[in-house]
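Q: So the sequence shown is numbered by our numbering: it starts at 20 and just counts up by one.
It should be emphasised that the hints constitute simulated quantities derived from the structure, not laboratory data.
Idealized CB from N, CA, C, for every residue including glycine.
Just to be clear, a hint being listed does not mean it is correct.
The list that follows gives simulated cross-link-like pairs (lysine to aspartate or glutamate, EDC-like), each with its CA atoms no further than 20 Å apart [said to hold, decoys possible]:
#1 137 <-> 107
#2 144 <-> 204
#3 112 <-> 176
#4 181 <-> 140
#5 161 <-> 107
#6 118 <-> 156
#7 212 <-> 191
Pairwise CB distance ranges (calculated) [stated by the list, open to error]:
#8 169 <-> 120: 33 to 41 Å
#9 121 <-> 170: 29 to 37 Å
#10 169 <-> 134: 17 to 25 Å
#11 205 <-> 102: 30 to 38 Å
#12 137 <-> 193: 15 to 23 Å
#13 131 <-> 109: 15 to 23 Å
#14 215 <-> 170: 35 to 43 Å
#15 193 <-> 102: 15 to 23 Å
#16 166 <-> 197: 14 to 22 Å
#17 137 <-> 169: 32 to 40 Å
#18 214 <-> 170: 15 to 23 Å
#19 212 <-> 170: 29 to 37 Å
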Amino acid sequence: MITSFSFLITPRPFFYFPPHRPPPVRQIASEKKKKKKTKPLIPLAETKYSPLRAISNGTLKDTSSEEEEEEEEIDVCPVDCVTEFYTEEEFQKILEKAKERGALVVVDFYRTSCGSCKYIEQGFKKMCKGAGDDDADVIFLKHNVIDEYDEQSEVADRLRIKVVPLFHFYKDGVLLEAFPTRDKEKIIDAIRKYTSNK
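Let the sequences and hints guide you as you build the complete structure.
A: Here's what the structure looks like:
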């Protein structure tokens with residue numbers, strides 16, 4: 020009895036791909052849940068009435084002014100005062116300008132994939148509120164230690180940065196202090212320490 024084993028010998032092209040499998044049922048169900056979004060029936064901006072909040076004694080109170088105050092607190096900074104630099108030349112130019120003005124330079128070295136860096140980023144932006152004008156005595160900078168080629172940047176390589184988030188404090192072009200932290204209060208204390216010695 021001769022059996023044909025030609026299916027084992029038949030050459031397949033090198034670009035042969037197995038048949039496509041449909042996604043699992045859980046994935047399809049989760050995608051359907053994400054697509055459902057409800058919209059308010061009447062947007063508050065289109066109504067002529069302001070939102071009211073009931074108070075415990077049964078009276079109603081206008082909350083529109085409270086919401087405006089909350090929005091002002093959430094607003095991080097009127098201008099983008101945390102400047103990002105990318106090269107060693109940019110960094111040296113900023114340090115020279117700060118030296119002429121006698122300003123303190125605070126640098127946040129971060130990485131986009133770092134969770135602690137994202138945590139401290141909002142607090143760092145809030146600290147810059149006083150640095151929005153040209154006469155500020157504190158300059159806030161940030162630098163991504165990983166460049167567009169997924170390698171360590173030239174600045175991070177020169178400064179031998181191995182841990183992020185790392186904060187450097189410069190005055191008159193000299194590094195005064197450097198420490199890794201995600202504690203906003205520690206950064207504020209260091210800023211106060213170096214700006215009070217005028």
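Q: Now tell me, hint by hint, if it's right for this structure.
A: Okay, the hints, checked on the actual structure:
1. 137 <-> 107: violated (24 Å)
2. 144 <-> 204: holds (13 Å)
3. 112 <-> 176: holds (18 Å)
4. 181 <-> 140: holds (19 Å)
5. 161 <-> 107: Holds: residue 161 and residue 107 sit about 13 Å apart, inside 20 Å.
6. 118 <-> 156: Within the cut-off at roughly 11 Å; holds.
7. 212 <-> 191: Cα-Cα ~15 Å, so holds.
8. 169 <-> 120: 33 to 41 Å: With a Cβ separation near 36 Å, residue 169 and residue 120 satisfy 33 to 41 Å, so the hint holds.
9. 121 <-> 170: 29 to 37 Å: Holds, at about 35 Å.
10. 169 <-> 134: 17 to 25 Å: holds (18 Å)
11. 205 <-> 102: 30 to 38 Å: violated (22 Å)
12. 137 <-> 193: 15 to 23 Å: At 30 Å between Cβs, range violated.
13. 131 <-> 109: 15 to 23 Å: Distance hint for residue 131, residue 109 holds at roughly 19 Å.
14. 215 <-> 170: 35 to 43 Å: holds (39 Å)
15. 193 <-> 102: 15 to 23 Å: Given about 20 Å between the Cβ atoms, the range holds.
16. 166 <-> 197: 14 to 22 Å: holds (21 Å)
17. 137 <-> 169: 32 to 40 Å: Since residue 137 and residue 169 have Cβ atoms about 18 Å apart, the given range 32 to 40 Å is violated.
18. 214 <-> 170: 15 to 23 Å: Once the Cβ atoms are compared, 35 Å apart, the range 15 to 23 Å for residue 170 and residue 214 is violated.
19. 212 <-> 170: 29 to 37 Å: Once the Cβ atoms are compared, 35 Å apart, the range 29 to 37 Å for residue 170 and residue 212 holds.
Violated hints, listed in ascending order, are 1, 11, 12, 17, 18; each of the other numbered hints is respected by the structure.
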